[in-house]
Structures are given as structure tokens and as C-alpha cells.
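One-letter residues, chain by chain:
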Amino acid sequence: MNPAFSVIFLTTLIGAGQGLFLALFAVESGWLGTAPATGAALYVRGDFVALALLIAGLIASFFHLGHPERAWRAVAMWRTSWLSREVIVLPLFMAVVALHGVCHFSGGTSGVVVTGLAGAILCLALFYITAMNYVCIKFLQEWATPLTIVNYTLLGCASGFTLATALAASLEPALVPTLARWALNLTLAAAAARIASLIRNARLRPKSTMQSAIGIQNPRIVQKAQGFMGSSFNTREFFHGKSRQLVQSVKWGFLLLVFVIPAWLLSGSNVENKAAFAFLIQYIGLIAERWYFFAQARHPQNLYYQAAS
Amino acid sequence: MTQLALVIDLNVCVGCHACVTSCKEWNTSGVAGSLSDENPYGKDPSGTFFNRVQTFEVGEFPNTQTVHFPKSCLHCEDPPCVPVCPTGASYKRQTDGLVLIDYDKCIGCNYCSWACPYGVRELDENQKVMKKCTLCVDRINDTSLADEQRKPACVLACPTNARLYGDIHDPESIVSKAIRENGGYQLMPEWETKPANHYLPRRSASAIDNELSRKVEQQRPNTLKPTGAPSKP
Ligand code: SF4
Ligand code: SF4
Numbered sequence: 001m002n003p004a005f006s007v008i009f010l011t012t013l014i015g016a017g018q019g020l021f022l023a024l025f026a027v028e029s030g031w032l033g034t035a036p037a038t039g040a041a042l043y044v045r046g047d048f049v050a051l052a053l054l055i056a057g058l059i060a061s062f063f064h065l066g067h068p069e070r071a072w073r074a075v076a077m078w079r080t081s082w083l084s085r086e087v088i089v090l091p092l093f094m095a096v097v098a099l100h101g102v103c104h105f106s107g108g109t110s111g112v113v114v115t116g117l118a119g120a121i122l123c124l125a126l127f128y129i130t131a132m133n134y135v136c137i138k139f140l141q142e143w144a145t146p147l148t149i150v151n152y153t154l155l156g157c158a159s160g161f162t163l164a165t166a167l168a169a170s171l172e173p174a175l176v177p178t179l180a181r182w183a184l185n186l187t188l189a190a191a192a193a194r195i196a197s198l199i200r201n202a203r204l205r206p207k208s209t210m211q212s213a214i215g216i217q218n219p220r221i222v223q224k225a226q227g228f229m230g231s232s233f234n235t236r237e238f239f240h241g242k243s244r245q246l247v248q249s250v251k252w253g254f255l256l257l258v259f260v261i262p263a264w265l266l267s268g269s270n271v272e273n274k275a276a277f278a279f280l281i282q283y284i285g286l287i288a289e290r291w292y293f294f295a296q297a298r299h300p301q302n303l304y305y306q307a308a309s
Numbered sequence: 001m002t003q004l005a006l007v008i009d010l011n012v013c014v015g016c017h018a019c020v021t022s023c024k025e026w027n028t029s030g031v032a033g034s035l036s037d038e039n040p041y042g043k044d045p046s047g048t049f050f051n052r053v054q055t056f057e058v059g060e061f062p063n064t065q066t067v068h069f070p071k072s073c074l075h076c077e078d079p080p081c082v083p084v085c086p087t088g089a090s091y092k093r094q095t096d097g098l099v100l101i102d103y104d105k106c107i108g109c110n111y112c113s114w115a116c117p118y119g120v121r122e123l124d125e126n127q128k129v130m131k132k133c134t135l136c137v138d139r140i141n142d143t144s145l146a147d148e149q150r151k152p153a154c155v156l157a158c159p160t161n162a163r164l165y166g167d168i169h170d171p172e173s174i175v176s177k178a179i180r181e182n183g184g185y186q187l188m189p190e191w192e193t194k195p196a197n198h199y200l201p202r203r204s205a206s207a208i209d210n211e212l213s214r215k216v217e218q219q220r221p222n223t224l225k226p227t228g229a230p231s232k233p
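Just so you know, the protein sequences line up as chains A and B, in that order. Numbering-wise, this note's numbering puts 270 at position 270 of the first sequence, and it's gapless, one number per residue. Numbering-wise, this note's numbering puts 45 at position 45 of the second sequence, and it's gapless, one number per residue.
Please keep in mind that the hints were generated in silico from the structure rather than gathered at the bench. Heads up, a few of these hints could be off.
[Stated by the list, open to error] Below 16 Å or equal to it, Euclidean Cα-Cα: the simulated EDC-like pairs (lysine to aspartate or glutamate) are: (1) 105(B) x 272(A); (2) 207(A) x 192(B); (3) 224(A) x 170(B); (4) 194(B) x 57(B); (5) 128(B) x 102(B); (6) 207(A) x 190(B).
Looking at chain B on its own, in the form it has when it is part of the complex (with noise of 0.2 Å):
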């Protein structure tokens, strides 16, 4: 079975927003539109989107690192968002492990969004229905496109290539050998949802370890930091 997914990687993102704005465009305007915004000009703006990136500051200062972190619908393998829906909207679908939302049977009840630990579910204010990421449902499917274009709108945006796509049960795959050789992790293991999509660990994030930061400071002082208050004379 194919499962589709997205692997990001967590030492290129520079947390530049341009898969949130592709995505926004793309999926307002395709068949999972519109995205409604509410006051989007006004004092609490408001609006759905499928994908938001976040910002984390890692470690202690000044051994501190800032992770940019995107997140998405993960299209879980064992969702536990589709089990609950009382309608048969959500739905995981077998030929690509896609998981969807059928806009018309959605009766907007939200325990969907319960049901996800993740917390990409978003209802949409306007047309009180569920939505969320759909890896580009309309684009990947699309065979009037060419191969190369036939990718999530945010993976075609990414300009420093954070985000790969492809299908990770086909152990040739660029996502498959990404998760291999870079030891790529799935988010809240603990509740067995099983992310189809990965993240690729920032290389240095053991470096802000205190205790090797330490280390690594005692065989090579940081000469540009103070060492304390001017010795008197």
C-alpha cells in the first residue's frame, strides 16, 4: 500500500512562511477552498489554514538555538481522528494513505478535532466544516500537470527544499531513504498514531546539550564572550 507523506527537514527550515502562504493560495482557490479568514485586516485576525510553522528556542542561554518547526495534518497510518467521526467524512483513503475530510457529509461537530493529539484540525468559520491538509489532493492527482509539478503546493514553494514528498512505504523513495540516513523521527510517539509524516533532526541539536556545550567551551573558550568584571588593579 502507497502511504503519501511529507518529510521535513529541521536543519534547512528557516522558518520563511512560504509553504503557509502557498498552501493558503493553492487550497483556497482549489476544490478544498475557500479557507475562510475572519477580520483578517482587524484587531484579532483570525483564518484557517492547513499548515502553520512554528517557532521554538531550544537549550539554555546563551546556548540557545531557534527551530523553526512546520506542521500539518501528519496523515497518520492509525488515525485517531477517522474512528470517531460519526458521519464517515474523515476517512483514511487506502489507495494513498491519504487522510480526508468529505466537505458535504461533515456535519462540523469537531470531535475530530478532538480525536487529534496534533492539533491541525482546523474548522472553518465560514463553512462549518472540518479541514485540514490534504497534501494537495487536487494538485497530486491532476494528470494534466507535469510530473514534476504533481507535488504538495508547499513543497514546490520551500525555497531551501525543508520539505520532501513521496511515498513512504517504498523503501526507494527520496522520503524513505531521507527517514533512513538522517534517523528521521515521527511527532508524540507515546499515543501510537503512527505520523506518516517524518521530521529530520537538526544534526547540531545535541550540541546545545549543556552538558557537551560545556564541554566543547572548555576545550575551545568562546573568546567573544565577557569572562567576568574587569580584575582591579
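Isolated chain A, as found in the complex (with noise of 0.2 Å):
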């Protein structure tokens, strides 16, 4: 597939507010085991911060669109369409976030309660669909798998978390070797799912060859002419045109990025001067990681663009 750059970022931008919001949730709920923050401020710029990720993500997304004007019509199929389930879910997650800020800068603490735990839900929810957007496409061998839902949320949750750190650093310094730890795991455990699925990936075969693509069982069938001489949609949508040993670079750039540096980073003392450092490398790196998901996926119309003349 040719990576688009809209979608890369709307799901590494929307991944980490996920990300962060999930930290947050965690911390009022004690689930890090911490005492909780001293005060309402990582609450409220945090949820400002996720809600800041959440609309460039939507923003980006956008300039996918042909018709931007009518994207509100994407709602209509949500019974079938896992855009539309997106579409409908990220906008109700926002508000929730909003709301959950307003209830810690309002202190009323039943709301806090309330909206945190629908956000958590709908957070959960919306990594699920956003994954699965890219799973329900049998034939894209390379994204048909549940670790693809494992990773959008174990990358969107690591650099979350890393983001998180990086707030509490002049907010709640007392939090931040429990939120770095958490960064730090967290980064490990996707660290290690994203390898499976590259190890995965490099073994699959292709289902469709070109004796199904055209029907005849030949050993030896070579494209002559793909009926233009030009370009078209086809050759420009699913093709992205680099080299292999760019793709190899991304690959290897990505890893570094997203799980190598961080990781050193959030494991060595100093923390507080280093997380907003280890998250802007991350997240740099998860652009790699998209792109390169992207591109890693061969799809079977490409059997049928092989060749001008």
C-alpha cells in the first residue's frame, strides 16, 4: 500500500491522547499503586493535551477525504463498517475527555468518576475499532491478524504513558517514577509484539498469486501490458514506489525510535529531564512505525499492475 500521511497521523496522534487519558485514568484510580496527585493540574492540562492529540488526529484525518464537506455522513453503516463505528466512537471519546477535564477543574468528584470510567471504556473501544479497520480486510495478509489490535493499542498506551510522565515531571514530580515505569513496560510489551508481528509478517505467503489472479495454471505468467501506459488510481494507491532498502531503513529506524531509545531513555535516572525528550523520539519513531506498516502490505490488486506498455 502507498502510506497515506493523513491516516498515519490520525492514528499515532489519536493513540497517544488514547494513551494518555488511560495514564490519567490510572492514576485517579490507583490503579499504579501511587497516592494520588496532589492536585487537580495533571488532571486538567493532561486531559487538554489528550483532547489537543485527539483533534489534529480528526483534523488530519480530513485530508483523507475527497468529500470532506460530508464526512458526517460516515455514521450511516455502523451496523456493517468499522470507519463508521470509528467515525461515531472518537467524537463521543472526545467530549468524554472534555467533560472529564471540566469535572477536575469544577472538583466534582462523581463526575470525575463517571466520565473516567466511560472514557477508559470508550478508549478501549476505539483502539479495538480503529485496528480493526485494517484486520477486517481479509486479503491484506500483512494486517489480518489480532496482533494488529494488539499493537495500535500497546503503541498508542506506550507513548501515552511516556507523554504522561513527561506532564507529571513539573506537575507531580512524585508520580514520575511510577508513570516512567509504566512507560518504560509498557514500551517493552510492544516493543515485543511488534516483533512477533514482524517476524509474522516476513513469513507469510501471499494466498492470491497470479494463476488465481487471471484464472490459468501456468508456473510462468508475466504481465505484458497493463491496459494504459500512464498511471492510474491503481498503480498510485496501493504502490508506494521506494526501494527496498528504504523500507528496510524505516524498519530498522522505527524500532530504534519507538522502542530502543525510549526505553534507555525512561530506564535511567534523571527521568524528569528526559520524558518529554523520550516522547517527541517516540513519536517520531511511530510515524516510522506506520508508515512502514502501511507499506509492508501487499495487496492483491497489485497482480494486475505489473507492468506498462
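Could you fit the two chains together into a complex? Lean on the hints.
Spelled out as C-alpha cells, the structure:
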């Protein structure tokens, strides 16, 4: 596939926003085993940053559409379409994050509990739904695996917790060691899952072949003409046109930027000074990771577009 | 239920692209129009087409055959492109089995094109909506046309009659008979999309199987083929 930057930014930005919200929720409900935050500042600022990331992701997604002014129509087919479900749940989640921030700001304790819980449920649902957009296309074999769901969730959580650590550094220093430990563990877990999917995908055998594409059982089938001499939607949308070396270096690049460097920064001393930098590096790495996720997927339609003339 | 479809005879197609041009002509001026072209006379011409004719070389030289292979939306009976569409712009019409797109609802998200394994959906770069073959829905439903004219433009244009059109759910239709009698097959059966369009296999396709052609050659040596360097005296 030809990676679309609108979708790369959508999925990485909302992933980080979702992870950040989960980190706030985990702190406020005491699941990390720390004392509660001393004030509301971390939550209010955190919700604000999470919302900003979600809005930025939503704006990015509009650049993917030929007719953004009709985007509202996309809520129609929630019964069958994961994309439609995503279009419904994302704004819902954004509204709850905003409310959660308002409740913290105004000190409404029961409001915090309700919006926190609702937000956490919507957040996990959104991870699942976003990933299912890719999982459900069964002939994109690189995507059609539960590992895609695990990766979207863990990568979002890892970047979100790293960002939470960075926010806590100035607002709630006492929480930094715990948040950093969680960010590190999530980063390592995400590394394990992502490497597992890399290994799986390297061993994949495409189910579709030239033989099944045109229905002729001969071991040698070579395309001589694809029906046009220039380009078409089919040659632009499904081929990235980059060299093998470039794709491979993106892979090693994202392994370094998403996992190795942030893990090193988060596990060292003086984390409160390094967490913001760790998040920045990790986020840049995630852009590369998502680019690779798209570039690696081989669409069976490409069998029909091998040669011009 | 009716399921309209094309059956394409790979024995007969000569790769003349008459179906491509007549499809483009009809549909760029019909209800599906226009089918925009970018840079048509420039260096990298590009355009929106419902139908493409591709060419493949099958077999090992010198036992090769050229296969011309027309490809358009197959109007799958279980179309993976339809349920993914978030707006409902892509739908399968129950009355005749056509897979159609409502251009007024389409938001141009491209998701349906990802969900079609055959690469037959094309985003119109000018109108920014998804387009694909409609089996000339505005011809076949036009009661003001004479009966023999109520067929897709490509079917009417094909000079060799390689394209048959009809209802594959009616066992007596010309397409059902052609599929039955000639071993008509579907593309990429591994994805269980149940394409309505079928292809009729090359009858001589098995002859280009290397194994077989070697046997043929043993029995009936090709006198035109040089048998090796002239033997020295
Ligand atoms: S050929 Fe592609 S576009 Fe046509 S119905 Fe089948 S999946 Fe959909
Ligand atoms: S491009 Fe149009 S028809 Fe295709 S999935 Fe999106 S809205 Fe539906």
C-alpha cells in the first residue's frame, strides 16, 4: 500500500491521546499503586493535551477525504462498517475527555468517576475499532491478525504513558518514577508484540498468485500490458514505489526510535528531565512505524498492475 | 434473485480495447459521467476507467501464449467492498445484484478500494468520488431502448463477441449455459467473494503446459524450429 500521511497522523495522534487519557485514569483510580495526585493540575492539563491530540488526529483524517464536507454521512453504516464505528466513537470519546477535564477543574468528584470510567471504556473500544479497520480486510494478510489490535493498543498506551510521565515531571514529580516504569514496561511490551508481527509478516505467503488472479494454471505468467501506459488510481494508491533499502531502513529506524531510545531514556536516572524528549523521539518513531505498517502490506490488486506498455 | 453479470471468453478476446473505449464513451456522457482524465496528452496521462484490457504472456518461450484479459468490477455476490463503506454509498442492489455507488453520498475515503481484491475501483481525481463499472445501469434499465440495445456498452462494442451478458441465476440464460458448458471460472476464489462475472478458460491453455507441449513436440517435431548448429563435416 502507499502510506497516506493523513491516516498515519490520525492513528498515531489519537493513539497517543488515548494512551495519555488511560494514564490519567490509572493514576486517579489508584491502579498504579501510587498516592493520588496532589492537585487537579495534572488531570486538567493532561485532558487538555489528550483532547488536543485527538482533535489534531481528527483534522488530519479530513485530509484523507475527497469530500470532507460530507464526512457526517460516515456515521450511517455502523452496523457493518468499522470505519463508521470509528467515526462515531472518536467524537464521543473526545466529548468525554473534555467533560473529564471539566469535572476535575470544577472539583466534581462523582463526575470524575463517571467520566473517567466512561472515557476508559470508550478509549479501549476506540483502540479496538481503529485496528479492526485494518484487521477486517482479510486479503491484506499483513494486517489481518489479532496482533494488529495488540500493536495499536500497546503502541498508543506506550506513547501516552511516556507523555504522561513528561507532564507529571513539572506538575506531580512524585508520580514520575511510577509513570516512567509503566511507560517503560508498555514500551517493552509493545516492542515484543511489534517484533512478533514483523516475524509473522516476514513468513507470510500471499494467498493470491498470478495464477489465481487470472485463473490460468501455468507456472509462468508475465504481464505485458496493464491496459494503459501512464499511471492510474490503482498504480498510485497501492504502490509506495520506494526501494527495498529505504523500506528496510524505515523498519530499523522505527525499532530504534519507538523502542530502544525511549526505553533507554525512561530507564535511566533523571527521568523527569528526559521524558519529554523520550516522547518526542517515540512519536517520530511511531510515524515511521505506521508508514512501514502500510508500506509492508501487499495488496492482491498489485498482481494486475505489474507492467506498463 | 437476479444476478446480472458478464462472461468473458478468453478464447475470443483479441485485446482490441473496443470495450474500453466504448465503455468510456458511454459512461463519461451517461449518468455516471464524467470520467475525468488528467493530463491526457501529456507525459504521464491518467484517467478514470471502468474497464481495462490487460495482456499476459503465459508459458515458457517458445511455448508461450498471449492472453488478453479484460477486467472490470465483477459484481461479487458477496462483495467485500460494500460492508466497509461508512456512508452506505456503496451498495448491492437486491433486484438485479448490481454493485453500485451513490456519488452523492460518497465521501471519497478510498476504503472500499482497499477492500476490493481485484483493483477495479478508481477514485475520480476530478469529482473525488469512487467509480467503477455499473454494467451500464442507465442502458440496461432504459425501457425506451430496443431490447437488443439494452446491454452494457462493452458487450455491444465487442467485435468478436467475447463478452456475454445475462443473469447467472437463470439456468437457461446465455451466460449460465456458457459457464456450464465451458467450465467458466471466477477470479481469486480464495477470498470467497463469489464474483458474478465469470471467465471462459482458454481451450488450448493446457497445451502450453510445458510437460504436454514437450510430448506434443516429440510426436510431431516442429520443422520450423532450428534443431541446433549445422553438423561439421
Ligand atoms: S469486483 Fe471489487 S468492486 Fe466489484 S463487487 Fe467485487 S469487490 Fe466490489
Ligand atoms: S470511497 Fe465512497 S463508496 Fe468507497 S467506502 Fe468511501 S464513501 Fe463508500
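We went through each hint and held it up to the structure:
no.: 1; hint: 105(B) x 272(A); result: violated (50 Å)
no.: 2; hint: 207(A) x 192(B); result: holds (12 Å)
no.: 3; hint: 224(A) x 170(B); result: violated (36 Å)
no.: 4; hint: 194(B) x 57(B); result: violated (26 Å)
no.: 5; hint: 128(B) x 102(B); result: holds (13 Å)
no.: 6; hint: 207(A) x 190(B); result: holds (7 Å)
Violated hints for the displayed structure, listed by number in ascending order: 1, 3 and 4.
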